[in-house]
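Here's the letter readout for the chains.
There are 2 protein chains.
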Amino acid sequence: MDNINISQAVIQRLPRYYRYLGELNDEGVSRISSRELSELMHVTASQIRADLNHFGGFGQVGYGYNVRNLYDEIGKILGLDENHKLVVIGAGHLGQALSNYVNFERRGFHIMGIFDIDPDLVGKKIRDVYVSPMNELESFIRNNDVDIAVLTIPKTSAVEVAKTLVNCGIKAIWNFAHVDLPVPYDVIVENVHLSESLMRLSYNIKR
Amino acid sequence: MDNINISQAVIQRLPRYYRYLGELNDEGVSRISSRELSELMHVTASQIRADLNHFGGFGQVGYGYNVRNLYDEIGKILGLDENHKLVVIGAGHLGQALSNYVNFERRGFHIMGIFDIDPDLVGKKIRDVYVSPMNELESFIRNNDVDIAVLTIPKTSAVEVAKTLVNCGIKAIWNFAHVDLPVPYDVIVENVHLSESLMRLSYNIKR
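Protein sequences, first through last, are from chains L and B. So that you can map any letter, position 104 of the first sequence is 103 in numbering that gives the first Met the number 0, and since no number is skipped, the others follow by simple counting. So that you can map any letter, position 7 of the second sequence is 6 in numbering that gives the first Met the number 0, and since no number is skipped, the others follow by simple counting.
Note that these hints are calculated values from the structure, not bench results. It is possible that some hints are incorrect.
[To be verified] Quick list of in silico lysine to any residue cross-link-like pairs, SDA-like style, CA-CA up to 20 angstroms:
| no. | chain 1 | residue 1 | chain 2 | residue 2 |
| --- | --- | --- | --- | --- |
| 1 | L | K170 | B | E195 |
| 2 | B | K205 | L | K205 |
| 3 | B | K75 | L | I204 |
| 4 | B | K123 | L | G91 |
| 5 | B | K205 | L | I5 |
| 6 | B | K154 | L | R206 |
| 7 | B | K75 | L | R206 |
| 8 | L | K124 | B | M133 |
| 9 | L | K84 | B | K75 |
| 10 | B | K205 | L | D185 |
| 11 | B | K170 | B | S138 |
| 12 | L | K123 | L | D146 |
| 13 | B | K154 | L | N102 |
| 14 | L | K75 | L | D146 |
| 15 | L | K205 | B | E104 |
| 16 | B | K162 | L | D185 |
| 17 | L | K154 | B | G91 |
| 18 | L | K170 | B | I204 |
| 19 | B | K205 | L | Q7 |
| 20 | L | K84 | B | K205 |
| 21 | L | K162 | L | M133 |
| 22 | L | K170 | B | K154 |
| 23 | B | K170 | B | H109 |
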């Protein structure tokens, strides 16, 4: 399957389809029409058909979508059938919240290490992982084949740490620091800028 | 100023302009051309001009943008010149991380109360606020004129709590629970679905 031409707008929506299909599957629903899915998700049926057609049109006229198949297919497209090795950098509240999130592991995202510069946090156990000092980060990434780094450190140190990560061969950064990271084009950055989200909320209240 | 026709796409980008202009202002830069801003933000100059034109075109030919003015204007558009009263519901790691975020307060978002059902968390002090039991939530919201609720509770209880919030007159929910909240049209929901963000990262690695 050629995913190259799938727009980022569709990709933005895929995880939501994945969530609804997972819930339907858990409830024992085996097939669903685009119209039913439309009512559930508050999206037009034509949008659903257009989006899902990108992936080979799993729906059949008069039958609808096979929930389990579509769930699995979208999971594969999202890369959730593969395992990823993560390190969390920053063991503050946010780093701990993410490290404690069992669902990530269930989707194949395994937290291999947690790092912090604060000596009071080093040695602390978060689920099964001990917080390590930052000076062990580079060798840890190289020795453990880590592919994703989660950055939950202040913006002041994030750019420097990102450079180190790139030098160690990290291929993707999940960035919670409120700064744009300068990385080479082949390194993926997914930003979660919480204060920007709060500003959009604020704007929409005002409007 | 009539903001009705500003697209959500522009709104999505405004907080990032706000961040860059704030940093420029902190660095003592008083004016900047769209070309310079373009190089800094890695956005085309024409995009910048088009976006900022929505707000009355603060740029002047041969002068560029007045950094401080533009920063203040965008802040006003985003509603950051107003004060908001928040409650955080869920005092787990994520709730604590958000409650500890000093920058929110600096932007006018004041955390008035934090609530949790866990008796072990009730009474705990997070910055200046004590965690209260959930049964005090409704009267607290009504008595303190709270307008924003931050939901950092599991999806299983989020829908029920959201209904309560709407009944108490909450006008906006910053929702971290991985579920779509059924609220009336005049209640704003801004979702932060972390697992969906991680899935997009995963997709882009695979691609």
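In rising order, the numbers of the hints this structure does not comply with: Violated hints (numbers, rising): 2, 6, 8, 9, 12, 16, 17, 22; every other hint is consistent with the structure.
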